[in-house]
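Colleague: What follows is the residue order along each chain.
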Amino acid sequence: MMATGQELVDGYLQRLATATADLPPDVRDDLLTDMRTHLLEAQERAASDVEVRAALDRLGSPEAIAAEARGPVDPGGAGPWTAPPPAGGTGWTAPPPAAGTGWTAPPPAAGTGWTAPRPRERTTSSLGYDATALLTLLFAGAVLGLLAGIVGWLGGWIVGVGLVWASRTWTGGEKALATLVWPGGYLLPMILGLSGSQVCTSGSEVTVVDELLDGTIETYVQPGTAIAEQCTGFALPVWLGIPLLVVLVAAPIAVAWLLLRRGDARRAAEREA
Amino acid sequence: MEPGGDSNRTLTQLRRGALPHCVLAVLADGERYGFELIGVLAEARGLAISEGTIYPLLSRLRREGLVETSWQESDSGPPRRYYRLTSEGERALANFREDWQGYRDAVDELLGTGGRG
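Chains as they are written, first to last, in this note's numbering: chain A, 1 to 273; chain B, 1001 to 1117.
It is worth saying that the hints were derived from the structure and are not from the lab.
It is possible that part of the hints are untrue.
Residues from chain A that keep clear of chain B, each with C-beta distances beyond 12 Å, as calculated [unchecked claim]:
#: 1; residue: Leu16
#: 2; residue: Ala21
#: 3; residue: Thr33
#: 4; residue: Leu39
#: 5; residue: Ala55
#: 6; residue: Leu56
#: 7; residue: Ile65
#: 8; residue: Ser126
#: 9; residue: Phe139
#: 10; residue: Val143
#: 11; residue: Val151
#: 12; residue: Leu154
#: 13; residue: Ile242
#: 14; residue: Leu248
#: 15; residue: Val249
#: 16; residue: Leu260
Estimated spans, in silico, between C-beta atoms of each pair [what the hints assert, rightly or not]:
#: 17; chain 1: A; residue 1: Gly172; chain 2: B; residue 2: Gly1114; range: 36 to 44 Å
#: 18; chain 1: A; residue 1: Leu258; chain 2: B; residue 2: Glu1098; range: 45 to 53 Å
#: 19; chain 1: A; residue 1: Leu13; chain 2: B; residue 2: Thr1012; range: 21 to 29 Å
#: 20; chain 1: A; residue 1: Glu51; chain 2: B; residue 2: Val1040; range: 35 to 43 Å
#: 21; chain 1: B; residue 1: Ala1044; chain 2: A; residue 2: Leu258; range: 30 to 38 Å
#: 22; chain 1: B; residue 1: Ser1087; chain 2: A; residue 2: Ala47; range: 38 to 46 Å
Bear in mind that the values here come from a model prediction, so they are computed numbers and not experimental data.
Ideal placement from N, C-alpha and C gives every residue a C-beta, glycine not left out.
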C-alpha cells in the first residue's frame, strides 16, 4: 500500500532532520521550521497525495538541501556557523590530573563530525567552550583539590588555564587577566596564610571550596577563623584576612563574568559580519 | 574549465551564481512568504531551481542583512514567514543589475548571441 501524503511529509522531514543533524542548532531549527511551514502550505493546496508527492519532488532531496545549508559552493562564504578548527597549535595538552576523580578535561572543540566545506578562520570559540574553560578555571582546582589534595588542585587549575588560553575568543590581555586574578587558584590566600604549611594549605583550600559551593560569602567568617586556627605559625589578623579573602573569592568570578560577556558580544558581532 | 566538456555544469554554476539576486529581484516588487516566492521563481523555468535549496539561501541572505523577515498570521493555514528587502539588499540588487548587464553584453558580443535582444 502506498504511503499517505502525511506519511510522506513526515518521512521527508525526518530525513531532513537527520541530514542536518550536524548543523549549528539555530541554523538547523530555522531550516526545519521553514520546510515544515512550506510543506503545510503545500499540503493545504494539494488535492491528493499524488500532488503532495510532486511537491516533495520539487523540493529536492533533504540531503541536497542540507548540503546547501552547510554553505554556498562558491568560495569565501562558508558562513558564520563554520565549526572552529580543533584547538591545536597551542602546545597544550591536558592529561586530567589525579585520576579516578571522575572529572575529565572537555575535548578541544572537535569531533562533532561536522566540517564546513571551506572553513573560514573565525575569531571566537563557542559559548559552550568558553563557559567550560572558565568554569574549569574557577572550580576544577577546588574540586580536584578536595578529592586529590594539592596535586589535583594545581592540576585542575592548570587545565583551566590551558583551556582559557586555547580559546580564540579572548585577547592575550584578557587571558592574562583570567590567569593572574586567580593565580594558582587559591595559591594567593595560601601564601598569605602561611608559607609552606601543608596543614594550613589544605585547611584553607577546603574551607574556600565550601565557601564556593555554598555560594554565600557571609558564612565565611567561621571557616575563615578556622584557617587561622589551623595555621600554627604566622596568620593574618581577621580584620584583614576576611575582606581579603572575600575579594579573592569575588574577583575571579567577576573576571570570568566579564570575559563571558565580552565573548558573547564578539560572537554576536561575528554572526552579523 | 573545460569548454569542450559539460556545458550543463557551466550552466548550473551560472544559475547558482545569479540565483541570490533573482531572489532579491522578486522581493523588490514587495514582500513575499517563502512558498509564494518559490512559486514565482519556479515559474521562471530557465532558472531550473531546486525548490528546497531556496530556504538555506534565504537564511543566508537574512544573515547577510540583505533581507529581513517577519511572521504573519494567514487567513487560511499556518503562519507565514514574510521576506522583504532591506536597503542594503536594494543596493546589492542595483549593483548586480549593473554588473550583470556589463557581463551579459560582453558574453553576448563574444558568443554572437546578442542579436535577438
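Colleague: Tell me, which hint numbers fail for this structure?
Modeller: 1, 3, 4, 5, 6, 7, 17, 20 and 21
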